[in-house]
Amino acid sequence: MRSQVYEWDAARTNVSGTEMTTTQFGSALSIFVGGFGNNITKPAETTATQFCVIEDIAVTPSAFTMNAGDIAGGSSYRGLPTGPTTQDSTGIAGPRAYVQIRINTTDYFLDPDNVGNDGVPGTASPYPRSVNFQPCFNLYPDVYVLPGQTWDVRVTAYQSNNYTAGDLSAGDLQCFVKYTLYDGPDALIANKLLEMGISVNPGNVDWYKRTLIQSQGM
Amino acid sequence: MSMRSQVYEWANLSTSGNFMLRRGLNATAVAVPVDREISVFTGQYGNNITKPAETTATQFVVIEDLAASAYVGGAVQVVINTTSYFQNPDVTQQAGVPGTASPYPRGSSDTVTGTATASNVDNGVQLLNAFELTPDVYVLPGQVWDMRYSQSLSNVSADNGALGVTGSTLAVAAFVKYTLYDGPDALIANKLLELGVTVNPNNVDWYKRTLIEQQSAAASAAAAAAAGGAQ
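Going down the list, the protein sequences come from chains A and B.
Those letters in the first sequence? Residues 1 to 218, per our numbering, in order.
Those letters in the second sequence? Residues 219 to 449, per our numbering, in order.
Chain A on its own, in the form it takes in the complex (with noise of 0.2 Å):
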C-alpha cells in the first residue's frame, strides 16, 4: 500500500499542451484528462488487483467581499484577484471553485435534492491551506474505489471576470488529491475489510495481517 498524491494546475502543460483559459470557466473539468492544465495520459482506473482510497480533496479558495461601488478592481484580497483593472470589483476574491468526484459515472457529492452538484467549496477544502483560509471539511468516511472501477476528479470554477482573459497563471486555480492506492494482497485484504464492514486504512490492513499470522500459530 502506498500514500499516493496528484496536484494539478490549471496552468502547466503537461500532456495536455494547453492551458487553461477563462473560456473553460462554468464546466467540470476532469485534472486527469480534462485536455487542460497538467493531464496524466488516461483516466484514472483500477486494476483487478488494486484498491484505491481517496483520502482528502482540495481546490483554490475564494473569500466573499464587496462588489462594485467605490472598490476597484485589479486589486487582490488574501493572495485572490479581485477583478480586472477595467472593471469594479466582482464581490467575490479568487475562482469560486468546487471539487466533485466521479466513481465511473456517477458524482459522489449531491444536493439536498439529489441532484449532483460542483462539489466540495475551495473555500471549505483550501489549497494551498494558509492561515487565512484552513479547512472545515474533511473527507470522512474516505471514497473507495474498487477494482476495475474508473475515477475522476473534476474541477468546476466560476468565476472568470477575476482574472484577464486569455490563460491562467500558474497558482491560480490548483487541485490537489490525496489517496492511498492497495496493491496485490493488500487490495485483496481491503477487499476483505470492506467485506466486514471495516474501514479501509494502513492501520488496519496490517491489523487483518497480523491476524493472519496470529491465526496460523506463527
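Since the hints were derived computationally from the structure, they do not count as laboratory data.
Warning: the hint list may mix true and false statements.
Unchecked claim - What follows is a set of in silico ranges between Cβ atoms, one per label pair, in the way DEER data are often shown: (1) B/L358 - A/N191: 27 to 35 Å; (2) B/A380 - A/S130: 22 to 30 Å; (3) B/D377 - A/E45: 52 to 60 Å.
Unchecked claim - Below are the DSBU-like pairs computed for lysine-lysine, each with C-alpha atoms no more than 35 Å apart in a straight line: (4) A/K42 - A/K192; (5) A/K192 - B/K409; (6) B/K269 - A/K42; (7) B/K409 - A/K178; (8) B/K426 - A/K192; (9) A/K178 - A/K42; (10) B/K269 - A/K192; (11) B/K409 - B/K426; (12) B/K409 - A/K42; (13) B/K269 - A/K209.
Each residue gets a CB set at the ideal place from its N, CA and C atoms; glycine is no exception.
Starting from the known structure of chain A, fit chain B onto it as the hints suggest.
Just chain B now, kept in the frame of chain A:
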C-alpha cells in the same frame, strides 16, 4: 449507496434576479433582508435547489458542521420540520450559530473595512471556530430539514455605513457538512439511535461487524451441532 459525506454551500450570488438554481458564471452579490431567516435551499436568494431538503424513508442524515460569513452579524440556524434547533435559554427564537463563532471561510476576517481603493474585507484578523456541532444533529427518515441564514445588519452599503464604501453589496455565504446514510446503512443508523449509540461511520461499521460476528458464531454453532448429531 451506503454512507457518503456531503456538503452544501450557499452564497447570495446570482446571475440575474435575487436567486438562481445551482450556480452560474460571474454571479454578483444581491441584497439580503435584515433580521429575516433565509432558507439556503429554497429561500429565493442566491443559489437554490429545486425543493426543500428532506430524507426519504430509507435515508438518515447527520449534520456535522455548519458555518456562515462572519460579517454583518451573519448567523445560521438548523430547522427540523418546524422546529428550530438553537434556542435561547428561555426557549425563545434566536438566529442560531453566529458566523463569528463558526466562520466561513475559516480564517476569514470578522468585519468589513472597505476603502475607496481596494476590495477590503480585511482587518488582519483570521477568525477560527469557537463552535463545534457536537453532538451532531440527526434528521430522521421522512423529516424535512432546512438551514437558514440571517444577518442583523444590511449587506448593502447604502443601508449600512459601516461597510465603508458606497454603491456596493457584500457577498455573504453559509456552509453545511453532513453525512447521508442510505439504504441498509440508514436502517443501521436508526438501530444505533434506538440503542443510544452515536450515529457516525465508525459506529455503523461497528454494528455491521457485530452482525457478521453473530452470524458467523451462529453458523459455527450450527455446524458443530450438526457434526455432533452425525456421530
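Original post:
Which hints from the list above does the structure break, by number from lowest to highest?
Top reply: Of the numbered hints given earlier, those the structure breaks are 6, 10, 12 and 13, listed in rising order.
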